[in-house]
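With chain A's structure known, arrange chain B on it following the hints.
Protein sequence lines correspond, in order, to chains A and B.
Take the first sequence: its position 227, counted from the start at 1, is 227 in the working numbering, and no numbers get skipped.
Take the second sequence: its position 255, counted from the start at 1, is 1255 in the working numbering, and no numbers get skipped.
I should point out that these hints are in silico values taken from the structure, not numbers from a laboratory.
In this text the structure is predicted, and so the values were computed from the model without any measurement.
Glycine included, each C-beta is placed from N, C-alpha and C at the ideal position.
Be a bit skeptical, because a hint or two may be false.
[Stated by the list, open to error] Which residues of chain B face chain A? A partial, calculated answer using Cβ under 10 Å:
{"#": "1", "residue": "Gln1019"}
{"#": "2", "residue": "Tyr1021"}
{"#": "3", "residue": "Thr1148"}
{"#": "4", "residue": "Ala1183"}
{"#": "5", "residue": "Tyr1187"}
{"#": "6", "residue": "Leu1191"}
{"#": "7", "residue": "Met1260"}
{"#": "8", "residue": "Arg1340"}
{"#": "9", "residue": "Ala1401"}
There are 2 protein chains.
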Amino acid sequence: MHELMIVLDNHSKTPLYEQIYDYIRKNITDGKISCGEKLPSTRFLAAHLQVARSTVESAYAQLLSEGYLESKPCLGYYASDISDLYLNKTAIEEKRKEAQKVFLRPPEKKKYRLVFSPDENEFSCFPYAAWRKISRDILSQDDASLLTAGEAAGEWDLRETISRYLYQARGVNCHPGQIIVGAGNEYLLLLLAQVLGAGKRVAIENPTYLKAYQTLSNMGYQMLPLPAFKNGMQIEELQYTNAEIVYTMPSHQFPMGTVMPMKMRLGLLQWASRASGRYIIEDDHDSEFRYRGKPIPSLQGIDHNGTVIYIGTFSKSISPAIRVSYMVLPKELLSAYYRRCGFYASTVPKEQQKVLAAFLNGGYFERYLNKMRRIYKGKHDSFLALLKQESWVKKISGDHAGMHLLVEVKSDKSAGEIVKEAKKRGVRVYALEEYFIFEYRDEGFLPELKNTLLLGYGSLTEAEMKEGIACLREIIN
Amino acid sequence: MHELMIVLDNHSKTPLYEQIYDYIRKNITDGKISCGEKLPSTRFLAAHLQVARSTVESAYAQLLSEGYLESKPCLGYYASDISDLYLNKTAIEEKRKEAQKVFLRPPEKKKYRLVFSPDENEFSCFPYAAWRKISRDILSQDDASLLTAGEAAGEWDLRETISRYLYQARGVNCHPGQIIVGAGNEYLLLLLAQVLGAGKRVAIENPTYLKAYQTLSNMGYQMLPLPAFKNGMQIEELQYTNAEIVYTMPSHQFPMGTVMPMKMRLGLLQWASRASGRYIIEDDHDSEFRYRGKPIPSLQGIDHNGTVIYIGTFSKSISPAIRVSYMVLPKELLSAYYRRCGFYASTVPKEQQKVLAAFLNGGYFERYLNKMRRIYKGKHDSFLALLKQESWVKKISGDHAGMHLLVEVKSDKSAGEIVKEAKKRGVRVYALEEYFIFEYRDEGFLPELKNTLLLGYGSLTEAEMKEGIACLREIIN
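With the rest of the complex left out, here is chain A (with noise of 0.2 Å):
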C-alpha cells in the first residue's frame, strides 16, 4: 500500500479532484508509485484527506480511465505499468517548438505579374449585393435549418433546380432524384468510381483536364489515353482498347476546344451500348460559355440506353470559391450508389446550397451568365484581334468558347522554351504540352503541338493582354 503524501489546498482555483489526480499521476510517473502498487481506498482516502468521497472517485476514474490505474474487483486500485514513453507536458511542449522550426508554412505560389490561366475568372460583375442578401436571409430563417443535418445527395430543392436549368439549358433529360451534388468535380468521381466499383479501365482524352485523370488514376483505375489533339477523341482508337468507361467533354474539349462532331457522338453511345457496364462521363464543365451560335446540346440528352453520367459544376460558372458540383446518374446506377454512398453526409453545406437554390430561382444566375458571357466575348474578340495582328502567331484554335485561346507560334523556341523565359518576366503562359498526360508527352507527338501555347485571358484586361503579348513578342522574335 502506498502513503500518499498529498497537501490540498482548499484556495486554488484548481478543483481538489485535480489536485489529487495531479499528485498521483505525477508520483506515477516518475516512479514514486510504482508499478502494481496498491494504492488507498477511495474511502480511506477520502477520510485521511478529509474530502468528500466522490472527490477521491472522481480522480480515481480519471487515472483509471487513462490506464495510470488498474481496478482489480473486491481488490482496490493497483498502479499500472506504464513506461517512459509517456511523455509530460513538459516534453510536448519541446516537442512542438521543434515541430514549428522543421515546418515552414508551404510556399505560396509564386507569384506572377501577369498570368494567362484558363481557370481564372473575372468576378468583378458578381451580384455581391444579391447573394450577400439571400446569405442573411437564409441565415435568418430558422434555426433548425442550420444545423439539422442535409440530404445526403443534396438538398432536393437544389436538385429540382439543376434538373429544370440543366434541361433548359444543356438539354439534359433527368429527374432531380439522378443527380447527386458535391463538393466539385473531383469529389464527385471519387463518389463515381466508388459507385462504379474497382479496377475500371478508362479511355480519356489526350491532353485532358489533367485532375479528372489523377482523380481517377487514384482510384487505382487503368487509364488509357487516346490521342485527341487533331479531331478530338477517335471512335477508331477506342475500339482498339479493352476500355469499359469514357471520359470525355464533348461539347468543348479541354484544352484542344473541340467540340465533338455528331457522328462521333452517335457513334459513342453506340460503342457504350453495345456492352453491358460500359459507361461515359461526360464533363461538361465550361458549356455556358460559347460566343457563336447557341450551345451545344449534351450527349446526355441524347442517349437511349442510360449509358451517360453527366457532370457539371458552378465553380467555373459562378467561381472557383463556390464549390458546388453536380452529377447526373443513369437510373441503373442509382441503387449502387444508394448502397456503397448513400452513408456519405453532402459535403457541400446546407445553407450554400439553399443560397445557391436561391439564386438561381431568383434568376440572378442566368442574368450573371448572360452578362458574363457579354463580358467573355468582349475579351475573347480583342484577345484574338490583337493576337492576330502578331507576326510571330502562326495559327489559332480552341476559339469562340471558353477561356482560353490556343496560339501555335512561329519560332525556334519550342513553346516550353517560351514558358520559361516568360516566367522569368514575371508573366506565366502556359504551353499546351502541359495538359498532356505526363507518361504520354512525348509520345507521337505532332511538332505543332511542341509549338502551340495554351493563352487564358478571362481574368485579364485589354492592356493586360497587350502588356502579355509584347513581352511574347520580345521573347520569340
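Chain B only, in chain A's frame:
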C-alpha cells in the same frame, strides 16, 4: 447542291442566323438534305437570302460545331451522316415526362415519435446570433475573399486556430502545415487512402463506427476486424494479423464507450514503430464530451515516431450540418499528400472556414462546449438515474462520456427483437449488434451482446426519456 427554300421572317424575335440554322438542321434530321449532299456557299446563300454573309456564317458555324455539317477545305460544306438516333426536342420532352413518372422522390427517413440516436445533438443553446453576426461580417468584409479560390488543405488561419485548439484541448502536437481541413471524416478518409496508397490491410475495432469501415472498404482496403467488445482492441490479436494500418478510437471507443488504457496505447505505438509504413488512424470523434475527470490526452500527443494520423471533427461538437473535419498528418506523409492530393481544392467553402475560425478565436466555441458539456452531463445523469430504477436493466456501460449508453437487458427477447417492437410503437432504439461489422455480426458473439441496447440521449428531454423507457418496459416485461 441542295436548294434551300428558306423563308426568313424579319419581324420574328428569333435571329435570322437561328432561322437559317433551324431550317437546315430540321432538313438534315428529317432526311430532306441527305448525307454527303453539298450545301450552297455562305456567299451564295447570303446573296440569295439578302442577308449579311456573317449571318449565314454564324448559322453554318453552329451546324458545323454540332456536327450536322462538315467542311471540306476549298470545296465547301456538306451534310454529315447523322443517324436517326438523334432525338428532337419533342422526343426529349416525352422522355423527360416518362422519367418523371418512373422516379419518385426517394422515401423520406421513416419518422419516429422518439429517436434514441447516438448521433443527434441538442441545438437549442447554439449561439445562433453570434454565428450569424460573424457570417454577416465575413460576407461583407471584402468581395475578393468570397470568390477567389482558397488553399487546398484549408485556410491557413483556420489551420493555425485548430492546431492551437488541439494542443490545448487534446495534447495534439502539430504544426498547422500538418493539418488538412475537409468536408467530413469520410472525405478525409477518402483522401487518406489516396495518400497511403492502394491495397492496404487495416485492422479495425469491431463493433466500430461503420461509416469508417465502409469508406475504407470502398477504397479497396482489406479490412481486418478485431474484437473490441470486452476491453477494447487487444494488442495480442493485432499481432496475429498482417495489418499495416490500425483504425481506432482510443479516447472513447464507439459504440462500446471504452477508454484505451495507457498500456495498450504504448503497445500500439510500439507495434506501429516496429515496421516502416505502419500507421495508426486515431479517430477522436467526441472527445469533447466527458463528464467525469479531464479529457484523455490523444494518442498523437504521446507518439514519438510520427505514426499517428489524428482525425477530429466539428460535426459532433457543433452539429452534423457543419461539415468540417480535420486530419493531422505525420510529417512523413505530407509529401505524398501534396503529390497525390494537393491538386484537390478544399471541399469546405472558404467563407465557412473563416466563420469557423472567428467562432473559435472569439471564444464562442469554448463557451458553447462548456455549456453543452453541462447540458449533456445533466441529460446523462437523468437518463442514468431513470434507467437504474428499471428492473429490466441488468447492466449499464459506456457512461460518463459521449451521448449514449449501453444497456444490457434482462429479457427473453433479444435486443434486435426489442428494437423491432419499439419501432412499431414509433420509438427507435438501437441494438448494439447494429454496430458490428456486418460480415462478422454472428461470429463469436457473447450472449450479453445480443441483449444489449444502445440508447442515445443527446437530443432528448427528460420527459422523452421517461416516455421511451416506459415503452421499453412494456415491451420487455
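Against the structure, the hints come out as follows:
1. Interface restraint check for Gln1019/B: the shortest CB-CB distance to chain A comes to about 12 Å, outside 10 Å, so the restraint is violated.
2. Satisfaction of the interface hint for Tyr1021/B is found here, the shortest Cβ-Cβ separation to chain A being roughly 7 Å, below the 10 Å cut-off.
3. Restraint check, Thr1148/B versus chain A: the minimum CB separation of about 6 Å is within 10 Å; hint holds.
4. Interface restraint check for Ala1183/B: the shortest CB-CB distance to chain A comes to about 4 Å, inside 10 Å, so the restraint holds.
5. Hint on Tyr1187/B holds. Least Cβ distance to chain A is approximately 6 Å, under the 10 Å limit.
6. About 9 Å separates the beta-carbon of Leu1191/B from the nearest beta-carbon of chain A, less than 10 Å, and the hint is met.
7. For Met1260/B, the suggested interface contact is upheld, since its CB lies about 7 Å from the closest CB of chain A, less than 10 Å.
8. Taken as an interface hint, Arg1340/B checks out: its beta carbon lies about 6 Å from the nearest beta carbon of chain A, inside 10 Å.
9. Against a cut-off of 10 Å between C-beta atoms, the interface hint on Ala1401/B holds, since the closest Cβ of chain A lies about 8 Å away.
Of the hints listed earlier, the one the structure fails to meet is number 1.
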